[in-house]
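Colleague: Chain by chain, the residues:
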Amino acid sequence: MKALSPQIQEIIAHIKEVAEDFGLDFFETIFEPVDYKQMNEIASYGGFPTRYPHWRFGMEYEQLSKSYEYGLSKIYEMVINNDPSYAYLLEGNNLVDQKTVIAHVYAHVDFFKNNYYFSKTNRRMVDEMANHGARIRRYADRQGIEAVENFIDTCLSIDNLIDYYSPFIERRGEEMNPEEMRQREVPKFQAKDYMDEFINPQSFIEEQKKRMAQEAEEARHFPRRPERDVMLFLLEHAPLEGWEADILSIMREEAYYFAPQGQTKIMNEGWASYWHSKILTTRVLNDSEIIDFADINSRVMSSAPGQLNPYKLGVALFRDIEDRWNKGKFGKEWEEVDDLERRDSWDKELGLGRDQIFRVRKLYNDVTFIDEFLTEEFASQSQMFTYGYNRKSGHWEIESREFEEIKRRLLDSLTNFGQPFIYVRDGNFRNRRELLLHHKFEGTELRADYAHEVLESIYRIWKRPVSLETMREEKGLLMSYDGTEHKEQSIPYETIGV
Amino acid sequence: MTELNKIKQDHRRFKQIVRGKIKRNLRKYMSQGEITGRQGKDIVKVPLPRIDIPRFRFSQKQQGGVGQGEGQPGDSLGQGEESPGQAGPAGNQEGEHGVEVDVSLEELAEIMGEELELPNIEPRGVKRLETVKDKYSGIRTTGPESLRHFKRTYKSALQRMIASGEYNPDNPIIVPTKEDMRYRSWKQTSLPESNALILYMMDVSGSMGDEQKEIVRIESFWIDTWLRSQYEGIESRYIIHDATAKEVDRETFFRTRESGGTMISSAYKLALQILEEEYAIDEWNVYLFHFSDGDNWSVDDTGDCMKLMQEGLLPKANLFCYGQVESPYGSGQFIKDINEHFGDHERVTVSEIKNRDGIYDSIKEFLGRGL
Numbered sequence: 001m002k003a004l005s006p007q008i009q010e011i012i013a014h015i016k017e018v019a020e021d022f023g024l025d026f027f028e029t030i031f032e033p034v035d036y037k038q039m040n041e042i043a044s045y046g047g048f049p050t051r052y053p054h055w056r057f058g059m060e061y062e063q064l065s066k067s068y069e070y071g072l073s074k075i076y077e078m079v080i081n082n083d084p085s086y087a088y089l090l091e092g093n094n095l096v097d098q099k100t101v102i103a104h105v106y107a108h109v110d111f112f113k114n115n116y117y118f119s120k121t122n123r124r125m126v127d128e129m130a131n132h133g134a135r136i137r138r139y140a141d142r143q144g145i146e147a148v149e150n151f152i153d154t155c156l157s158i159d160n161l162i163d164y165y166s167p168f169i170e171r172r173g174e175e176m177n178p179e180e181m182r183q184r185e186v187p188k189f190q191a192k193d194y195m196d197e198f199i200n201p202q203s204f205i206e207e208q209k210k211r212m213a214q215e216a217e218e219a220r221h222f223p224r225r226p227e228r229d230v231m232l233f234l235l236e237h238a239p240l241e242g243w244e245a246d247i248l249s250i251m252r253e254e255a256y257y258f259a260p261q262g263q264t265k266i267m268n269e270g271w272a273s274y275w276h277s278k279i280l281t282t283r284v285l286n287d288s289e290i291i292d293f294a295d296i297n298s299r300v301m302s303s304a305p306g307q308l309n310p311y312k313l314g315v316a317l318f319r320d321i322e323d324r325w326n327k328g329k330f331g332k333e334w335e336e337v338d339d340l341e342r343r344d345s346w347d348k349e350l351g352l353g354r355d356q357i358f359r360v361r362k363l364y365n366d367v368t369f370i371d372e373f374l375t376e377e378f379a380s381q382s383q384m385f386t387y388g389y390n391r392k393s394g395h396w397e398i399e400s401r402e403f404e405e406i407k408r409r410l411l412d413s414l415t416n417f418g419q420p421f422i423y424v425r426d427g428n429f430r431n432r433r434e435l436l437l438h439h440k441f442e443g444t445e446l447r448a449d450y451a452h453e454v455l456e457s458i459y460r461i462w463k464r465p466v467s468l469e470t471m472r473e474e475k476g477l478l479m480s481y482d483g484t485e486h487k488e489q490s491i492p493y494e495t496i497g498v
Numbered sequence: 001m002t003e004l005n006k007i008k009q010d011h012r013r014f015k016q017i018v019r020g021k022i023k024r025n026l027r028k029y030m031s032q033g034e035i036t037g038r039q040g041k042d043i044v045k046v047p048l049p050r051i052d053i054p055r056f057r058f059s060q061k062q063q064g065g066v067g068q069g070e071g072q073p074g075d076s077l078g079q080g081e082e083s084p085g086q087a088g089p090a091g092n093q094e095g096e097h098g099v100e101v102d103v104s105l106e107e108l109a110e111i112m113g114e115e116l117e118l119p120n121i122e123p124r125g126v127k128r129l130e131t132v133k134d135k136y137s138g139i140r141t142t143g144p145e146s147l148r149h150f151k152r153t154y155k156s157a158l159q160r161m162i163a164s165g166e167y168n169p170d171n172p173i174i175v176p177t178k179e180d181m182r183y184r185s186w187k188q189t190s191l192p193e194s195n196a197l198i199l200y201m202m203d204v205s206g207s208m209g210d211e212q213k214e215i216v217r218i219e220s221f222w223i224d225t226w227l228r229s230q231y232e233g234i235e236s237r238y239i240i241h242d243a244t245a246k247e248v249d250r251e252t253f254f255r256t257r258e259s260g261g262t263m264i265s266s267a268y269k270l271a272l273q274i275l276e277e278e279y280a281i282d283e284w285n286v287y288l289f290h291f292s293d294g295d296n297w298s299v300d301d302t303g304d305c306m307k308l309m310q311e312g313l314l315p316k317a318n319l320f321c322y323g324q325v326e327s328p329y330g331s332g333q334f335i336k337d338i339n340e341h342f343g344d345h346e347r348v349t350v351s352e353i354k355n356r357d358g359i360y361d362s363i364k365e366f367l368g369r370g371l
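From first to last, the protein sequence lines stand for chains A and B. Note that full-length UniProt numbering gives residue 178 to position 178 of the first sequence, counting from 1, and the numbers run on in steps of one. Note that full-length UniProt numbering gives residue 130 to position 130 of the second sequence, counting from 1, and the numbers run on in steps of one.
Far from chain A by the CB rule (all over 12 Å, computed), these chain B residues:
id, residue
1, LYS23
2, ARG27
3, ASP42
4, GLU179
5, SER229
6, GLU232
7, ARG237
8, GLU251
9, ARG257
10, GLY260
11, LEU270
12, VAL299
No more than 25 Å apart at the CA atoms, straight line, and that leaves these computed lysine-lysine pairs for BS3-like:
id, chain 1, residue 1, chain 2, residue 2
13, A, LYS37, B, LYS45
14, B, LYS21, A, LYS66
15, B, LYS6, A, LYS2
16, A, LYS362, A, LYS113
17, B, LYS269, B, LYS246
18, B, LYS151, A, LYS66
19, B, LYS336, B, LYS269
20, A, LYS66, B, LYS187
21, A, LYS332, A, LYS348
Worth flagging that the hints you see were computed from the coordinates, not collected in a lab. Since this is a predicted model, take the numbers as computed values, not measurements. Ideal Cβ positions, reconstructed from N, Cα and C, are used throughout, including at glycine.
Assemble the whole structure, with the sequences as input and the hints as a guide.
Modeller: Laid out in structure tokens, this is it:
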């Protein structure tokens, strides 16, 4: 491994100090100098020095290298959520670039360490990834690389079917068999006889009985309630060989590790961009470097017409929040002001901005962040709009500049990463150990060709016919794959209550 | 902690998969001309449908998203099918489109050779030293994105916008359209030492329509690709004919359309003249390809053709290939005449190309004998 130059080491030490001064709180961060080939390789592995063998990393590498060689893109910054965190500095970048990256990285690490959605992630993931690699290589030696890689492909096609909130919620209570459940007595509060009627009223008892009957009914189903973590369900119930089960569990673990990064993309990039600007422009750069900084910063913040750059949106929102909380532009009093001029000049000089953004970075994810802090004023100042595909003209077109519409669409695209909600509904469908999945339809249809392939993947794991309930053209549809062919039939569709 | 070059394995696996995909889809690629339209110098860009991992996802056309910028509701964000980029972290999903991979012509030829089971060619004559030199010296209007000449593209866009009055000095935004794009191109210095000549002849009389010529264009790309992999240096020349023949450059070859009659002998005469005057027989491997819809002017002329082949062309050529492209007008007689005269001649191959799907088999017939 190459060593950092003394000059860079000094810069790192300085920026670290400034960042801490501003109140950022991060894991120890190790910077490594890499050339662009190494950078592309590490980036292909999602930032990790080593992963399990798989062709898609090679594909990623091909695309990154090509793009770099043709001068179309360059990776500036890469950092791993780990304790200690690792970050990479591209050799040959100029000093202003390096300073920007270093400041940016410290803010990311602060985010990793403090944001609630990262609180359950494995902070030893660098070791864990290497461990996954070793296990999968061992399977590849025994089973053949082809078989192992094909199985990984299969797992990856369902690795978005996990329960993103499950690390935070205990969903499964103690399991009781249906017979036991039916024979349960309604628990009563202790009461003297003459009080019983008041303390345990008949209507309450009836209600409890009904609820318990329903639970007993549910207990006959398998899974008992619709299961969001399809990967887990398959892991527990599919007829897998030992090595297959292990690979599936590895893929699931990695999916959970990466989930919070997807859930907080806008915030995380916004936070890091906010701080690299603040740190560099106030405390680190000298006059001669400002122009260079403005130059790279503008590239990071640029967006093509019709694109939403998460860096730009994130940083603008953080600044907006800071400004509003400094001036007291929040709360009931503020919301009741209709007069435009008064709104513009509103300043109660509260100075709460800094505290507020630190609180936001701790508690929110992209969905709650946008939901709570995207204001109509902000959306119109940043010229936001919704777009859609016009079949007639064959163009993507601006549809609306209505705030409600913009916010709804943005939240839609963020909720569940803009992906469909899929549940396991029945593991004994048609009483033949077939698998029934349920797409919780919320207005947008599934892409059929992809859905077919995913059903094939799940069939490879479940080894019995697999079906999916969904909607198409406003009618219920059951897509099935039985190992040889795909079938579709209309069904009455009812959204499951989850 | 960085251990390098693990990626090499994964990269190799990816290349293997790509290769397999191309191989499986070769017939399709051959008929669609998808690849030929994306030719760079030594590489072609092969659009691979779906090499990503399938996941449950929304049908994108229903989805849309949120963007930022100027414009009124109803304004277009850009042309065609391209999505204007995902809103925010929906970027967690992979792109909607399949990937495009660069494949070297050499590798493409290899894949083609394997899939079509083409034998390697034993060259005739003296093997020559290769002295091919390429130089980026020109500008073309088509090419791979990697070779796009930004400055020239900008200039032509500016010219066009000024000319059409769209240019506004107060708001000097230049938007290049497809026609404005300029790409670097190269020149191969002409090589007298090359040791294989491909001479393409084509009937451009009225009955050869655009579709027929497109078939010839695609087929010649694959022929070139294969022969190039077999010889160090290749020279290609082009003759078009109706009632008279002339030599043209490649561009003209595929674009010209004439009306009037067809005298195939005129082309064969010109071919023979070129061979005799410019190519020493013991130094050149000569490949003759003639494409026509099979309508010749007269029986007499066909007689002349047979004679020219027998006495002039065949003794000089490794291979004489006649490809008859079906057209709604032609009688298709010529292929029968050739078969009658040279049906069992070892260096004559004919094939009927009914439509684009026929290209694959036609090439197999032409090149399958390793001559």
